[in-house]
Amino acid sequence: MMRRRTGTADGDNMSSSSRWPMRSDPANTCDNKQRTTLIENVSLLFTESSLVATPVALIHRSLAGLGVAEEDLPTPIALFRVVLALLAVVLMLCYFSWGRQKSRKSDLQRELQLARAKVRSLQDQLKQLKDDDDNNNKKQQPLDDTTNGDKEIRIFMDGAFDLLHYGHMNAFRLAKSLGTTLIVGVNSDESITRCKGAPPLMSDDERMTMVKTCKFVDEVVENCPYVMSPEYLDWVIKEKRIDYVIHGSDPCFTVDGEDVYAAAKATGKFRMIPRTEGVSTSDILGRILVMTREHHIYDQQKQITADKTEDENNSNKDEEKSAEQQEQQEQPRSKFLTTSLLLKLFSAGVKAPKKGMKVIYIDGTWDLFHPGHVAILKAARERGDYLIVGVHGDAVVNRLRGMNMPLMNLHERVLSVLGCRYVDDVLIDAPYEITPDMVDRLNISEVVKGTKHDDIGVRYAVNMYDYPKRAGILTEVESPSTFNMEHIVQRIRKNQKTFEEKFDRKIKMENEFYKNLRSTSQ
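Each residue of the sequence shown is one higher than the one before, counting from 1 in my numbering.
Keep in mind that the hints were calculated from the coordinates and are not lab data. If you're wondering where the values come from, they're calculated on a predicted model, not measured in any experiment. Cβ coordinates follow ideal geometry from the N, Cα and C atoms, glycine included. There may be inaccurate statements among the hints.
Unchecked claim - Quick list of in silico lysine-lysine cross-link-like pairs, DSS-like style, CA-CA up to 25 Å: (1) LYS196 <-> LYS212; (2) LYS269 <-> LYS151; (3) LYS469 <-> LYS215; (4) LYS102 <-> LYS215; (5) LYS354 <-> LYS240; (6) LYS212 <-> LYS105; (7) LYS494 <-> LYS452; (8) LYS452 <-> LYS212; (9) LYS354 <-> LYS378; (10) LYS378 <-> LYS494; (11) LYS212 <-> LYS351; (12) LYS240 <-> LYS212.
As the list claims (entries may be wrong) - Cβ pair distances, simulated, as ranges: (13) PRO74 <-> SER97: 24 to 34 Å; (14) GLU277 <-> GLU486: 22 to 32 Å; (15) THR498 <-> GLU277: 18 to 28 Å; (16) THR498 <-> ARG421: 25 to 35 Å; (17) LYS265 <-> LEU343: 28 to 38 Å.
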């Protein structure tokens, strides 16, 4: 069809130009100015191919059907040029679109780099402000004593530290971070009773033991008065070469409304550190008070009986579990939020055991960390070079002890154990059963267990030490202390009404403090 249509004038011209110029006749090339360029000849050959001829014929038939005269139909060359033009337009649009996208991407990358630079600048400024603030806090009179060529900065902190917990330990950590040496004064039973209207739950010796064994404490002052007089404070500053007196940001007053740190503030050496929110002695006391209720003690007996007759009382087990869950809901839950940063700060100085070290492992609940725990940890540490302490998860503890146990959640118990100076590392959420794989991976040389434990709610622990016993690496150590959680519970039970009144009073004060703190920060 295309051959027949080329008989027109245009077709004659096209036909005459459809031959390649003969290289042997240059005159013919020069004389014929109508001859198309080399690229047009190539395009003509392309348009005459069957690949192009078929769609061109279809276009011609379509246009003819629309009433277009045959002489007005576009030639294949014209159609080819149109296609080339459209292709060029599409390519240009794609190019500009790609260029704009690339330009936008480059702009975003530049903006990101600027933003990162801005963040680094702000971080540097923040660090500089913090360093300036630390330097301002550490300004003091020159001291004669130096440590390794650097000025020693001695910090003093005092308190009752009754039922010592990780909140106290974090306060010790913060206080020591302001200097080089931390000296802690432990208030005497007599001064606490006189100033607070009630004796502490733990004795002088018990509280001293807990403070001395905290890894953040360097020295301890015994029988420190709850309210330090100017004379006593002057003695402490001179005797212990104190540079700063530290206390938490919460107010501290006697029952008569006297500011406990008035004398320290008058010297200009007083500094405050932020209080560890979400935990206090009053909060822990509240958890214990819930546990001492009669229905908890009764439920404990039911649970022990149920364990002995488990196969005969499957239906009763579900009822007891439901009652246990209901009672757990009544228990005051921890409001403390554990962050990886705090765990990292408490783990400062923890190093992996060196080759050849004798690694000791001891596990347990470590709930309501107390002097009995400290004593067995010290005994275990003395048996080797490196002590790893396993802390069981909440589910394991509750399965073993029932009721509303543990009183403190896993992270709270981990922090308390990490704060003990006899502990080298902690296995968080330690498995209930010690396995060969665990012994191998932790390079455990000896597994230690004590002869005493916290009796509250303890059920028979099956298979816990089967493998260490078979492997000959299990050692039962006579517990150096008979102190356990039951001692604390019994003391509270004897004076339950007094402690409940004390708890209510302290909780009201703490709630008011946090309420004022939040309103001030807004």
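query = Is LYS269 within 25 Å of LYS151, Cα to Cα?
reply = Holds. LYS269 to LYS151 sits at ~17 Å (cutoff 25 Å).
inquiry  = Just to be sure I understand the hint, the distance between the Cβ atoms of THR498 and ARG421 should be within 25 to 35 Å; is that true here?
reply    = holds (34 Å)
query = Taking the beta carbons of LYS265 and LEU343, is their distance inside 28 to 38 Å?
reply = Holds - the Cβ-Cβ distance for LYS265 and LEU343, about 34 Å, lies within 28 to 38 Å.
Hint consistency between LYS240 and LYS212 [alpha-carbon to alpha-carbon, up to 25 Å] = holds (16 Å)
ask   = Are LYS452 and LYS212 close enough, with their CA atoms no more than 25 Å apart?
value = holds (22 Å)
ask   = Given the proposed pairing of LYS212 with LYS351, does the C-alpha separation stay at or below 25 Å?
value = Between LYS212 and LYS351 the Cα gap is close to 22 Å, so the pair holds against 25 Å.
task = Compare the distance between the alpha carbons of LYS212 and LYS105 with 25 Å, and conclude whether the hinted pair is satisfied.
result = violated (60 Å)
Distance restraint between LYS196 and LYS212, which requires alpha-carbon spacing of 25 Å or less = holds (24 Å)
message = Would the hint linking LYS354 and LYS378 be met if the CA-CA limit is 25 Å?
response = Distance ~20 Å between LYS354 and LYS378 Cα, so the pair holds.
query = Between GLU277 and GLU486, does the C-beta distance stay in 22 to 32 Å?
reply = holds (30 Å)
inquiry  = Check the hint pairing LYS354 with LYS240 against an upper bound of 25 Å on the C-alpha distance.
reply    = violated (37 Å)
inquiry  = 24 to 34 Å was suggested as the range; check whether the CB atoms of PRO74 and SER97 agree with it.
reply    = holds (30 Å)
Taken one by one, the earlier hints fail for this structure at numbers 3, 4, 5, 6 and 10, listed in ascending order.
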